[in-house]
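> Listed below are the residues making up each chain.
Protein chains: 2
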Amino acid sequence: MPDYFVEILGYVAATLTTASFLPQAILTIRTRDTDGLSLSMYSTFTLGVLCWLIYGIYLKNNVIIVANVITLFLAFLILSFKIYNTFFKKKA
Amino acid sequence: MPDYFVEILGYVAATLTTASFLPQAILTIRTRDTDGLSLSMYSTFTLGVLCWLIYGIYLKNNVIIVANVITLFLAFLILSFKIYNTFFKKKA
Chain A
1 MPDYFVEILG YVAATLTTAS FLPQAILTIR TRDTDGLSLS MYSTFTLGVL
51 CWLIYGIYLK NNVIIVANVI TLFLAFLILS FKIYNTFFKK KA
Chain B
101 MPDYFVEILG YVAATLTTAS FLPQAILTIR TRDTDGLSLS MYSTFTLGVL
151 CWLIYGIYLK NNVIIVANVI TLFLAFLILS FKIYNTFFKK KA
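Top to bottom, those sequences are chains A and B. For the record, in the first sequence the residue sitting at position 67 is 67 according to my numbering, with numbers rising by one throughout. Take any residue in the second sequence, note its place counting from 1, add 100, and you have its number in my numbering.
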């Protein structure tokens with residue numbers, strides 16, 4: 001398989017896995033409702049995505065870098081809402 | 101950074117993102133309850149993980165292969181339950 005085809009396959013993979021995460025991200029960003037989300041799960045996920053990003057930077061692999069920059073941004077945003085709602089929000 | 105350290109970082113990344121997916125997978129496999137899951141989201145995710153796996157095989161990157169074989173197995177199992185419950189299960 002030619003190199004550019006492998007790279008395209010990587011971008012298709014990255015687009016699909018990131019796209020599957022988008023509805024949850026959009027819902028949480030719009031509603032700020034994080035009751036249904038697990039703090040430990042999102043902390044683990046966000047840390048994992050950060051490690052993938054650093055891994056991609058060391059490998060100089062653009063597919064891994066682009067995929068994980070976008071996912072890290074979304075995951076970090078959701079995690080921020082979750083931490084705020086869990087520890088700082090005044091109970092109604 | 102030495103090569104083996106980069107590979108360890110990759111495995112840490114893979115372990116964290118796969119671990120964050122495990123509670124959902126275990127819950128669904130135990131309860132077979134997929135009402136809270138989105139069919140389109142899981143189809144997109146499973147297809148994306150499959151593409152990542154093929155991408156990893158072409159790159160001969162063991163970290164990407166191992167991470168995505170495990171995630172693909174879990175995602176495919178959950179997707180199978182979702183498809184069965186959506187299209188084949190008799191309504192009570």
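Derived by calculation from the structure, the hints in this document are not laboratory data. Any given hint could be a false lead.
To be verified - Simulated restraints on C-beta separations:
id	chain 1	residue 1	chain 2	residue 2	range
1	A	F87	B	F188	40 to 46 Å
2	A	Y58	B	I157	36 to 42 Å
3	B	N185	A	K90	38 to 44 Å
4	A	Y58	B	D135	37 to 43 Å
As the list claims (entries may be wrong) - To give a feel for the contact side, a few chain B residues facing chain A, derived at Cβ under 8 Å:
id	residue
5	P102
6	L109
7	A113
8	A125
9	L139
10	G148
11	Y158
12	L177
13	F181
14	Y184
15	T186
Just so it is clear, the structure is predicted and the values come from calculations on it, not from any experiment. All residues carry an ideal CB built from backbone N, CA and C; glycine is no exception.
> Taking the hints in turn, state whether each one holds.
Going down the list of hints, with the structure as the test:
{"no.": "1", "hint": "A:F87 <-> B:F188: 40 to 46 Å", "verdict": "holds (44 Å)"}
{"no.": "2", "hint": "A:Y58 <-> B:I157: 36 to 42 Å", "verdict": "violated (21 Å)"}
{"no.": "3", "hint": "B:N185 <-> A:K90: 38 to 44 Å", "verdict": "holds (40 Å)"}
{"no.": "4", "hint": "A:Y58 <-> B:D135: 37 to 43 Å", "verdict": "holds (42 Å)"}
{"no.": "5", "hint": "P102", "verdict": "violated (10 Å)"}
{"no.": "6", "hint": "L109", "verdict": "holds (5 Å)"}
{"no.": "7", "hint": "A113", "verdict": "holds (3 Å)"}
{"no.": "8", "hint": "A125", "verdict": "violated (11 Å)"}
{"no.": "9", "hint": "L139", "verdict": "violated (11 Å)"}
{"no.": "10", "hint": "G148", "verdict": "holds (3 Å)"}
{"no.": "11", "hint": "Y158", "verdict": "holds (5 Å)"}
{"no.": "12", "hint": "L177", "verdict": "violated (16 Å)"}
{"no.": "13", "hint": "F181", "verdict": "violated (17 Å)"}
{"no.": "14", "hint": "Y184", "verdict": "violated (20 Å)"}
{"no.": "15", "hint": "T186", "verdict": "violated (17 Å)"}
When held up to the earlier numbered hints, the structure conflicts with 2, 5, 8, 9, 12, 13, 14 and 15 and fits the remainder.
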